[in-house]
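Trainee: The primary structure of each chain is shown beneath.
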Amino acid sequence: MASSYMLPGAQQAPSFHSHPSTASQPRQHHWSPYTENGGVILGIAGKDYVILAGDTRSSEGYSINTRTARKIFDVGSGLVLGVVGMSADGEELARRVARKIDDYKRSHDKHITVNAAAVMLSRILYAKRFFPYYVQPLLGGLDENGVGAIYTYDYVGSFERESSRAFGAAASLITPFLDNQINLKNQFEPGSNGEVPRKPGDMPRETVEKIVKDAFTSAVERHIEVGDGLQLVTVMRAPPRAEGAEPEEEEDEREKTAGGGVISEVMSELKKD
Amino acid sequence: MCCVAPDVVVVASRVAGLGLGSGSFGIRNQARVHETTTSPTSLSTLLASTEHQEPHLGIPIKMNQFPHGWGRPRDDVYGAYDSSYLNSSEPTSHTQRPIVTGTSVLGLKFNGGVIIAADNIASYGSLARYDNVERLLQVGTHTIVGAGGDISDMQHLHLLLDNLLIKEQYPADDHSLYAPQVHTYISRVLYQRRNKFDPLWNSILTAGADPKTSEPFLSYVDLRGTTYSAPALATGYGAHLAVPILRKHVPDEESAASLSLEEAQGLIEECMKVLWYRDARSGVSYSWAVVTKDGVTTGNKKIEKQSWKFAEMIKGYGAQNI
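Just so you know, the sequences run in chain order A and B.
Residue numbering for the first sequence follows the UniProt record's numbering, starting at 1 and increasing by one per position.
Residue numbering for the second sequence follows the UniProt record's numbering, starting at 1 and increasing by one per position.
Each hint should be verified, as a subset may be incorrect.
EDC-like cross-link-like pairs, simulated, lysine to aspartate or glutamate; straight-line CA separation at most 16 Å [to be verified]:
(1) K302/B to E270/B
(2) K271/A to D252/B
(3) K301/B to E270/B
(4) K301/B to E269/B
(5) K213/A to E265/A
(6) K272/A to D252/B
(7) K62/B to D75/B
(8) K248/B to D273/A
(9) K199/A to E189/A
Which stretches of chain A does chain B cover? Using the computed rule of at least three CB atoms under 8 Å from a CB of chain B, they are [what the hints assert, rightly or not]:
(10) 30-44
(11) 65-71
(12) 81-95
None of these hints come from the bench; they were simulated from the model.
Built from N, CA and C at the ideal position, the CB exists for glycine as well.
Okay, chain A solo, but in the shape it has when bound:
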């Protein structure tokens, strides 16, 4: 019998017919527990901020289910989770992560750090190694030094920290744009005659927000599963209190998130055709 670990295309060619040892075909109708709901998300980490953005279209095949589905979730403790793929799995994953982060805070009386949450999310995904969440997640937050962090995953929990990443239907359209505009690939210092490459990093948040919006408006033009609205979520350090201003309430130091991050959300329009 063909091993379930056989690579596609690799053919077992026995010189004889072996006798059956397992059921050759499970008796079942072709029903898939998975579906694809389109959409695209992207995350960019800055020196003291993180931006996660996603479109708000949710589709199935050629049908648009709704134009107002959020893909970026506030999972507590100043962390945000972006999910794209199958929305039912994505929302379930976001609920579980939010619940775990809340549990952590209640057990340890402190906020989880983004790197600890990143490992935890990897474990959650790997625990379903043989019936995976059909989701590509991006986890964002400020690390202990207040520096922006984006953690990117595959379906079964492999992860790494990156500075920018696009996932989802139009990831292949947005990725080269980010390479060029965020990581400044193939860009050179003016006047260097193409000798000195431009160095990435240290981009002001306002500039990055413009690049994010451009990325989405371009993706909308070329991908049918992307559009309708843009959800732009930012994690940044809480603005320092104005000089001489009295604190409104007694502030508990423990209420501050691990990286001091505060989450804000801006919704805007994208083309709906």
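Given chain A, put chain B in place with the hints provided.
Mentor: Frame of chain A; chain B shown alone:
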């Protein structure tokens, strides 16, 4: 059957996995392994033989003589071995298919409430098997659940919802289940069943209104646990035929908030008529329900003012002469 050496028997029963003791050996036709007879001395001869005949007795050999399947019934004599009952490496699967089905459910928000409608047909394939089926269920005081897809799964879900309501009903504590809670409950049930590979084969709309704020609620959930909300929703063919019409009038929440009940009723009527014209699994009579902060109003309606004039124009699909 008299001269088989014991070591051959051991090999045969082990390979075949029948685990027969040597005590049963020699009873003719008791098991397929014993259909065959052989002598260890003649094995090499047999392997080379294309005749597949016991060389001494002229009895046809029905046992597989090749080393990889030795002792098993020969496929060309008995047919391929049915292995389907053997343990599968796949996860347990209960996946069924819908049998008796209902078609679309429509839902539309308006200023101060929601209207929802579903026809009364339950189909068995293309047969309109039952023509008086209620697919809208009132859950509590301010919620209507409309189901498309498998009718028996819908009825099972109705049972779950009835039990949920009894369990959660405490008259003294002033808490009741409203549409958001009912929708979330249904979505968890459906998602859990898809995780068990035993889905409830339905697409469901939950409609309701908040008794205090009048805020309308309308949400969809299907057999994979996929959920979404919009001011206008439909399941099944309605998603293709009715939603474009509804969205033209109600593209977003703001326009739904300025839609009157009468306009909403007119739109639903129009869409039910379009579905009656074009969806072959739909029915001429349908149930509707309106939920506002004052509660639920329900009714039954027949498609009126039908005109099949357009059908004359349709050519090329049937057996007519063009």
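Trainee: When the hints from earlier in the document are held up against this structure, which numbers fail?
Mentor: none
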